[in-house]
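Note that the protein sequences, when read in sequence, are chains A and B.
When the letters of the first sequence are read in order and numbered with the numbering used here, they come out as residues 1 to 264.
When the letters of the second sequence are read in order and numbered with the numbering used here, they come out as residues 1 to 267.
Calculated from the structure, these hints are not laboratory results.
C-beta atoms are modelled at their ideal positions from N, C-alpha and C, and glycine is treated no differently.
Any given hint could be a false lead.
[To be verified] Here's a subset of chain A near chain B, in silico, CB distances under 8 Å, partners left out:
no., residue
1, S3
2, V20
3, L101
4, G214
Take a look at the letters that make up each chain.
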Amino acid sequence: MKSKKLALPYILWMLVFVLVPLGMVVAFAIRDDGGRFTFEFISKAWGYRDVFLHSLWVALLSTTICLLLAYPLSYIISRAKARTQRTVIMLVMVPMWMNFLLRIYAWVVLLSKNGPLDSILGLFGVHVPLIGNTGAVVLGMVYEFLPFMILPLYTVMGKIDKSLIEAAQDLGSNGLKVFSKVVLPLSVPGIVSGVTMVFVPTASTFLVSQYLGGTDDIMIGDVIEKVFQTDRHTGSALSLCLMVIILLFIIVMNRFGDEEAVGV
Amino acid sequence: MKKMKLGSKLYVLLIMMFLYAPIAVLIAYSFNDGKTTVWKGFTFDWYIELFKDSSIMTSLYNTLTVALLAALVSTLLGTLAAIGMYNFRGAPRKIFQTVSNIPIINPEIVTGVSLMLFFTFLGRMFNFEMGFLTVLLAHIGFCTPYVILSVAPKIRQMDHNIYEAALDLGCNQIEAFFKVVFFELLPGILSGFLISFTYSLDDFVITYFTRGSKFQTLPIEIYTMIRKRISPKINALSTILFLVVFAVLIITNIRDYKAEKKLQSSK
């Protein structure tokens, strides 16, 4: 129990299977086949900046929609009877356990031409392409990751002391004031972890845009996969850039969360 | 706790519809007697074909084997690591935690390609191809951090005097661990095992990059089926998987609920 040695197998493991592989990504990104240092691949990766921007844009949209949908839901659940809370949270979690390809495939079926939604809209004389655009990609992402927003928000809101809310009401705050002065500040940690848990996978996911998006909707994950098949150096450079962007995002989010916590 | 207002109820209902409508449609089409999205009548044929498909059955077997082995190894590795880590202080501990969290924080695709680079390099050196073993190693890699995360709090919470007491009463270190400490950590170890098992079952991205050209798991099989386009066999498969997950969650929930009620009434 007192022995540090027990951690040794895993330390070796991390060295071999985490740090060395990541080191190889960095090495492939900045060195050519002869082992010389070069910026060639990083600058090739820069050529994909539009794809990066598009991925971040899709991630931003999806995260915002998830937050707007999940926030009221989490609040409602956190104030319901214990038994209702348990049931609703379980229902939120069930789809998470289904393979993500199947969940995306479900939307491919739903949105497809002459599919269920298209037929229903057709009855009303509405004929719009439901699939093959950015909207469909965002919809798929929201569907995929909504539970990741609901769960941390619910956890934090469930812990808010009800007497704080009552105290605010007793002291003359109306509903809006109670929300902005009590509930919102106390739920910031949940918002921070929810936003991180939705934004990171959305920005880096691959396949979703291939199934639901149009030709301009290709995202950075798809590019990495495709480029890797022919050019490991540029693929590594792209991965390195993605890693740095995600890392920066997480650092910013954590700082934001800490400051708010101190402010309360 | 008050009753929900009508508006709130409606809102919860709408979100639930959003979450379940696609799954319901997927299930409905698994009984459709036709290959398109047009309803042609009821059939069980897709289920029969699914069980006749030997490649799907092989994939199922592979998936379960990898998940079981990955969960076992990462539970062992992670539990030992969590105990060892508890004795670290200051900077070494911080570094350990940061590196251990890399597979959780890093985008899956980056973990996937980094392992692919590494395994192809090793493969050239020692002359082997990616397949079962590389997938298993990759899965152990992304599961172990979750085991550490679920065991570490239990070590912090437990009363460390009982370990000392066991030693004083004549146990050697190993006996003291298995007779006393192990049971204190057991809930964390079990949930670590379950998380690992389910994550491994469900993983597509990292398997995709580390499986080589021949080794198939169920998520990979689903990917190829969707690629080849619309055979309602996928729907039949989804329906079965969904029902299994649903049943497991309901059973564990009812069990928890009963245990809680018992606890309340005994107070």
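Earlier hints that do not hold, by number: 4
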